[in-house]
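Novice: Construct the entire structure; sequences and hints are all you get.
Each protein sequence line maps, in turn, to chains A and B. Residue 378, in the working numbering, is where the first sequence stops; the numbers in between run on with no holes. Residue 1321, in the working numbering, is where the second sequence stops; the numbers in between run on with no holes.
The reader is advised that the hints may include incorrect statements.
[Stated by the list, open to error] Residues of chain B clear of chain A, computed beta-carbon distances all greater than 12 Å:
1. Thr1008
2. Val1088
3. Tyr1167
4. Ala1190
5. Gly1228
6. Ala1288
[To be verified] Stretches of chain A that chain B covers, calculated by requiring three or more beta carbons in the stretch to come under 8 Å of a beta carbon on chain B:
7. 106 to 117
8. 159 to 168
9. 298 to 311
10. 347 to 356
I should point out that these hints are in silico values taken from the structure, not numbers from a laboratory. Idealized CB from N, CA, C, for every residue including glycine.
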Amino acid sequence: MRFTVERRLQQPRWLVVAVPLASVLFGFVVAAVVLLATGHDPVTSYRQLFDAAFVSTGSLDQTLIAATPLAFTGLAAAVAFRMRIFNIGAEGQLYMGSITGAAAGLYLGGRGSASPWVIAAMIVAGCAGGAAWASIAGALRAFFGTSEILTSLMLNYVAGYILTYLIFQSESYWRQTKGFNATVFPTGKPLPSNAVWPAWTLHTQGGIALPLGAGLAAVAAVLLWVLYRRTRFGFEVQVLGDSVGAARYAGVRTRRKILSVMAISGAIAGLGGASQVGDFSHSLDGDPNGLQRQGYGYAGIVVAALARYNPFAVVLVAFLIGGLDNAGNSLQGADFPSGRVGVIQGIILFSTLGGELLVRHRVRIARTPQAPAPEPAS
Amino acid sequence: MNNTLLVTLIASGVAYGTPLLFASLGELLAERSGVLNLGVEGMMLVGAVMGFWTEQRVHAGPVVSLIVAVFVAAFSAACMAAIHAFLVITLRASQIVSGLALTIFAGAAGLSSYLGNDLNLADVPASHTFHAVFPSGMQNWPIVGPLVFGQTPLVYASWVCVAAIAYYLTRTRPGLNVRAVGESPAAADAMGISVTRYRYAHTIAGGAFAGVAGATFTLAITPQWVSGITGGAGWIAIALVIFAFWRPELCLVGAYFFGALQALAPELQARNISLGPTELWTNAMPYAATIVVLVLVSWRGARRRLGAPAALGVAYVREEA
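Specialist: Structure below.
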């Protein structure tokens, strides 16, 4: 008896949904085995995680806070990865967006402009900052063929150092220089109240604040879906992602597509950065142990891969992963070491990746190698 | 005396560059067989934490415990590489996404940090570390003293590895087979070489090197465990393989160059030299320089991909090739 693996000519629709779901379940089972092997009870761990993520008072509130940036970075990764542009610089693009977004908020808010204008300006500035930072890697890829994987990743570290520099190592525009606290520990200048993003409160579970950023992420998901499914640009990008050769013959302008996809991807990540400032921190967070510890950009890659680069699925997966992250943070302590959530996420990601084989291929158990069975005509 | 900035920089470039060298040699082996592994950073961190833990727990003389620690580091990182190998060789997953997944799984927010917490390794000083082995008289010789005789045994081991891998890839039958597998798996298969077996072996061996690289951090350079201690060195190592045109001897040069750039920040600080926003540019320098060199290499190499294995990143399936 031997296994043979052959390519499916047609992918049944139900498999595209069933296989990832089964893979996630399989991932949880494997993660449970790992937990058992390191001497922890998986059932308790999972129940603790679930409660802390979605059930206990205030947990959904915190989950939304964790999920919002993940939705942005997940969308940023999904847009680019769908075209096989591997932008893993969402982390740095998010920092840049938070820097430019905070600058717009501090400047316009300080001049007393009306709140909607200030917020709109912060959104635009955040997108522009992220897009500009991503365009460095995009241009290097488009014009010199330099691997965008490595350049976008290196730029993450550079952006992190710039962020820290602005708050800790210089007296920049973003830094709070007045007051007693400023002399004790360097912090960012707080945003004026007209630059703080609004949140809508839902009166369940002790009040859940739905941040503006979460709404923006949902809007971005819809826009991306329209862009990729309903426009010529989106079609050409998909052709390019599937086959560079075919796209070239069809006259697709490769360089422009690479540049625009990187810019769009960076803009979404940058918007996530602006949302961090406007929605949550209300000042530029330059602490190496603050925003930079969260690793939203890298987690966004997990989100995008689990969602199979579908924008709507990204938002949903971001919510679930955000729940896991939130639970991991709130449970962190002696009996719930940090990193456990990362391990579970990684295992789920591996099993989803492995599961892809079953979507694209058919596994047969054959006693002897035989002639291929007739495939349905496509 | 001979502690001019340049000599110190090169000497610490050798020290800081050694993990880069080990990691890039490992990545080179995997890539030469056609497997791109972007999980180097994660594998290094697992090696770093396991090496450090072993060295804490093995109650033996310094020599024995350090050697055991390095082997455990290599073995645990090789296990990580085996996951990647299984996913991309047997299950034909995307090499890029799988490698990223490996870094996320094992990296600073994943397994390595989990193990570090679970095994209570934070804020524990190392009980044994690698030291220079030559007598201090020789270490004080001008120039060659700090450069050659002031290094730890890991540095000498890395030199042996460079020579051994260069010899292996150019002068031995299995080494030539690896290159065949990386360049044209279909042709290698037709010659009767097992593509799967070669790719597994070299991806896993590459992981072992990354593990040693990680242990170099926790046992020699900064003898302690901090989550995310490698600080992106794994990514620089991947870039180094490209600069080195997939040649081990050039990995050595590149690794020391980047090691020296990493040493720049502490050295300038120690000497109170400041030029503008010193912390910013010295910290960002290795990463920015990586981008610049990558651009130079890809620019010139745009026409003929300067020694990149032709089948790099492509899964091999006999019927579909």
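Novice: Hint by hint, note whether the structure agrees.
Specialist: Against the structure, the hints come out as follows:
1. Residue placement check: B:Thr1008 keeps its beta carbon more than 12 Å from all beta carbons of chain A (closest about 23 Å).
2. Look at B:Val1088: its CB is around 9 Å from the nearest CB on chain A, not clear of 12 Å, so calling it non-interface is violated.
3. The Cβ of B:Tyr1167 lies farther than 12 Å from every Cβ of chain A, with a closest approach of about 29 Å, so its non-interface assignment holds.
4. The beta carbon of B:Ala1190 is kept farther than 12 Å from every beta carbon of chain A, the shortest such distance being approximately 18 Å.
5. Against chain A, the non-interface label of B:Gly1228 is violated: not every CB pair exceeds 12 Å, the least being about 9 Å.
6. With a minimum CB-CB distance of about 6 Å to chain A, B:Ala1288 fails to clear the 12 Å threshold, and the non-interface call is violated.
7. Three residues within the 8 Å Cβ limit are the bar, and the region 106 to 117 of chain A against chain B gives 0, so the coverage statement is violated.
8. With a threshold of 8 Å between beta carbons, the proposed coverage of the region 159 to 168 of chain A by chain B holds, since 3 of its residues qualify and at least three are required.
9. Restraint check on the region 298 to 311 of chain A versus chain B: 5 residues with Cβ-Cβ distances below 8 Å, three needed, restraint holds.
10. Coverage of the region 347 to 356 of chain A by chain B holds in this model, with 6 residues showing a Cβ closer than 8 Å to a Cβ of that chain against a need of three.
When each numbered hint is compared with the structure, violations occur for hints 2, 5, 6, 7.
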